[in-house]
Amino acid sequence: MANKAQIRSRNSALIAMIADEDTVTGFLLAGVGNVDLRRKTNYLIVDSKTSVKQIEDAFKEFTTREDIAIVMISQFVANMIRFLVDSYNKPVPAILEIPSKDHPYDPTHDSVLSRVKYLFSAESVASGRR
Amino acid sequence: MAEEEGTRNIDNGRYSTQQQQQQQEEEEGGGEREGDQKVVKFLDSVDSYLTLVDSLSSTLRQGWLELAGARHSMGASRISSALFDLKHHCAATTLQITEDGVDSTMKQPNFTLCKWVSPDNRNCSSDKAKFDEDESLQRTSTKLQLRYRGTSEIQEKRPESNGSALTIDYQIQKERSKSLSMFGTLVSPKLRAGQLSFEMALDTLVEIANMRSSILSAYDQVRNDMESTRG
Chain A
1393 MANKAQIRSR NSALIAMIAD EDTVTGFLLA GVGNVDLRRK TNYLIVDSKT SVKQIEDAFK
1453 EFTTREDIAI VMISQFVANM IRFLVDSYNK PVPAILEIPS KDHPYDPTHD SVLSRVKYLF
1513 SAESVASGRR
Chain B
4 MAEEEGTRNI DNGRYSTQQQ QQQQEEEEGG GEREGDQKVV KFLDSVDSYL TLVDSLSSTL
64 RQGWLELAGA RHSMGASRIS SALFDLKHHC AATTLQITED GVDSTMKQPN FTLCKWVSPD
124 NRNCSSDKAK FDEDESLQRT STKLQLRYRG TSEIQEKRPE SNGSALTIDY QIQKERSKSL
184 SMFGTLVSPK LRAGQLSFEM ALDTLVEIAN MRSSILSAYD QVRNDMESTR G
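As you go down the protein sequences, you meet chains A and B in turn.
Note that our numbering gives residue 1462 to position 70 of the first sequence, counting from 1, and the numbers run on in steps of one.
Note that our numbering gives residue 28 to position 25 of the second sequence, counting from 1, and the numbers run on in steps of one.
It should be emphasised that the hints constitute simulated quantities derived from the structure, not laboratory data.
Treat the hints loosely; a few may be bogus.
As the list claims (entries may be wrong) - Restricting the straight-line Cα-Cα distance to at most 25 Å, the calculated cross-link-like pairs of lysine-lysine (DSS-like) are:
| # | chain 1 | residue 1 | chain 2 | residue 2 |
| --- | --- | --- | --- | --- |
| 1 | A | K1482 | B | K44 |
| 2 | A | K1441 | B | K90 |
| 3 | A | K1482 | A | K1509 |
| 4 | A | K1509 | B | K110 |
Unchecked claim - Restraint ranges, calculated between C-beta atoms of paired labels, are given here:
| # | chain 1 | residue 1 | chain 2 | residue 2 | range |
| --- | --- | --- | --- | --- | --- |
| 5 | B | S180 | A | E1458 | 27 to 33 Å |
| 6 | B | R233 | A | S1479 | 21 to 27 Å |
| 7 | A | N1481 | B | S51 | 20 to 26 Å |
| 8 | A | L1429 | B | Q40 | 48 to 54 Å |
| 9 | B | S76 | A | Y1510 | 47 to 53 Å |
| 10 | A | H1495 | B | P192 | 26 to 32 Å |
| 11 | B | L46 | A | D1428 | 40 to 46 Å |
| 12 | B | R233 | A | Q1446 | 42 to 48 Å |
| 13 | A | R1431 | B | S58 | 34 to 40 Å |
Note that the Cβ used here is the ideal one computed from N, Cα and C, for glycine as well.
In isolation and in its complexed conformation, chain B is listed as follows (with noise of 0.2 Å):
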């Protein structure tokens, strides 16, 4: 009887140990596997990272070649530098910082465009309806960007908007042209397509820069992981 309890017991033993191994072994898997998502994350931003570098280098060159073009309709003298408006004066487009929390220590900056809002509009209104109109703002100029890149089929498919929305596109379209207004009141439409490419390439910029606190975020908890596993 009492060997039968002590056999027993050794089995108990030997039983408890392979389990204990076992955890171990799956616990260790699972921080491996965990490492090789950090990894595989960091590679993807860095793939992304440089598929958007290529899209913006492309992006660009369309719109030197329209500023180009423009010149060369318009005349050298006419798109120059020497042209700039050097008054006082806001951007029109700016951007929105939000803070993107990986953990409590890890944080990366999110940046959002605000495209064509008017400064006037700005200076007004309190922090909480500028956030408001910066988004109804960035979803009509999305819309407006369509408009002008697509046909009169586009045009046509326009639903009906309300007064607000129209006093949204009116704005956008007064910011486009105080823009353009910098080199004369009748500018070539290459510089007006010159001005569109450039704002894609804006739109293109942003998600780099995007892509790039993802990139660094990611390098970050890759070398956590990497130092914590030495020490």
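If we strip away everything but chain A, and leave its shape as in the complex, we get (with noise of 0.2 Å):
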């Protein structure tokens, strides 16, 4: 499973975002902002004219960066790569579904309840202890 894949302990790693405007710039205050050399930020704003071959490409490339810990990925932006983000299933980078201004956050589509729901039925768990 993916708990037992190799977890490697960094000190200073990054926190990258694909989000809306607004929340990229809030938490860019909040000092987690980082351009590289190649002036490569750790955060992509989606607006209307972000194509989702952006968003995929940016998904890619920030879960295969090692210095990345946490992508956070507003739910609609998530929705729209679902099928990417539901087959990730690495503990680092953590994929983290975050509410947007104007989608509030749906449970019902959250990858890693979506993982686990197979739990909540109470069937499922009496079945394996039968």
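Put the two chains together into one complex; each comes in its own frame, and the hints tell you how they fit.
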């Protein structure tokens, strides 16, 4: 399972963001913004002009970068690449779905809860015991 | 005599079988209890996860409101993504990842937030010193947050701090101002309030990340138990 994967201890890992402009602005004010020597940022601002391909590419980049520990993604953006988000099962970087201004958080769409919802059914737990 | 001995042996045999059965039942009961505990732990983690996400939603809502207020007072063109700093710079707020082992096979990552660590200091110091510094900075930044949010009364209660604590306070202020400076030197107090809200959101976010690890670890344990019971 995912938890059996190797987890490297790191002292200064980054938080990446794929979200709307205001959310990114707020977290940049909180000091999470990082621009490397190649001028690559650790965030992607999603607006009406952003294509699904751009979001996919950013998600793939952030989840493969070794210096990133958490990728926060607005849930409405995650819904646009749901197949990618749901198939991701590594412990680090952790994918966190966050609410956005116009789209409140819906737990039924959350990838973590979707992964474990099998156990919400009392029958599935009981059948395991029998 | 022989008959009596035979009866005694049969009784002993019955007694030992009963004991074995009792032991087996106790073991099964213990296993079930342990299994129940794991399920409870899992459900507890899910509940905490949902509570934290709810708390994150309200903190973010507060942050967006303050950002909108700042945009209203400063003008839309002064708070925009076009003003983001795209020159090379390191993040002032980073994460520390450590490994928490549930048992030898199950490891879960644990995230710790290191707020407002100056990138300059980080580059100069060794790993050990960096860790110590992060720890102290974290403690100080929490205190500082309380001072910001609280009244002047809290400020007055502050004990006499030594030189290094003052330096760290100054460093944090400097990092905060640096972060705000992308939108100008004189910014709206609402933008500063928004900055604090998003800092709080970041704290909650790290708690959510840790809870996520806990959910997945508990889920794996329960699933393994179920599989071993079936197998």
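Hint check:
{"no.": "1", "hint": "K1482(A) <-> K44(B)", "in the structure": "holds, 21 Å"}
{"no.": "2", "hint": "K1441(A) <-> K90(B)", "in the structure": "holds, 24 Å"}
{"no.": "3", "hint": "K1482(A) <-> K1509(A)", "in the structure": "holds, 18 Å"}
{"no.": "4", "hint": "K1509(A) <-> K110(B)", "in the structure": "holds, 21 Å"}
{"no.": "5", "hint": "S180(B) <-> E1458(A): 27 to 33 Å", "in the structure": "holds, 31 Å"}
{"no.": "6", "hint": "R233(B) <-> S1479(A): 21 to 27 Å", "in the structure": "holds, 26 Å"}
{"no.": "7", "hint": "N1481(A) <-> S51(B): 20 to 26 Å", "in the structure": "holds, 21 Å"}
{"no.": "8", "hint": "L1429(A) <-> Q40(B): 48 to 54 Å", "in the structure": "holds, 50 Å"}
{"no.": "9", "hint": "S76(B) <-> Y1510(A): 47 to 53 Å", "in the structure": "holds, 50 Å"}
{"no.": "10", "hint": "H1495(A) <-> P192(B): 26 to 32 Å", "in the structure": "holds, 29 Å"}
{"no.": "11", "hint": "L46(B) <-> D1428(A): 40 to 46 Å", "in the structure": "holds, 41 Å"}
{"no.": "12", "hint": "R233(B) <-> Q1446(A): 42 to 48 Å", "in the structure": "holds, 45 Å"}
{"no.": "13", "hint": "R1431(A) <-> S58(B): 34 to 40 Å", "in the structure": "holds, 35 Å"}
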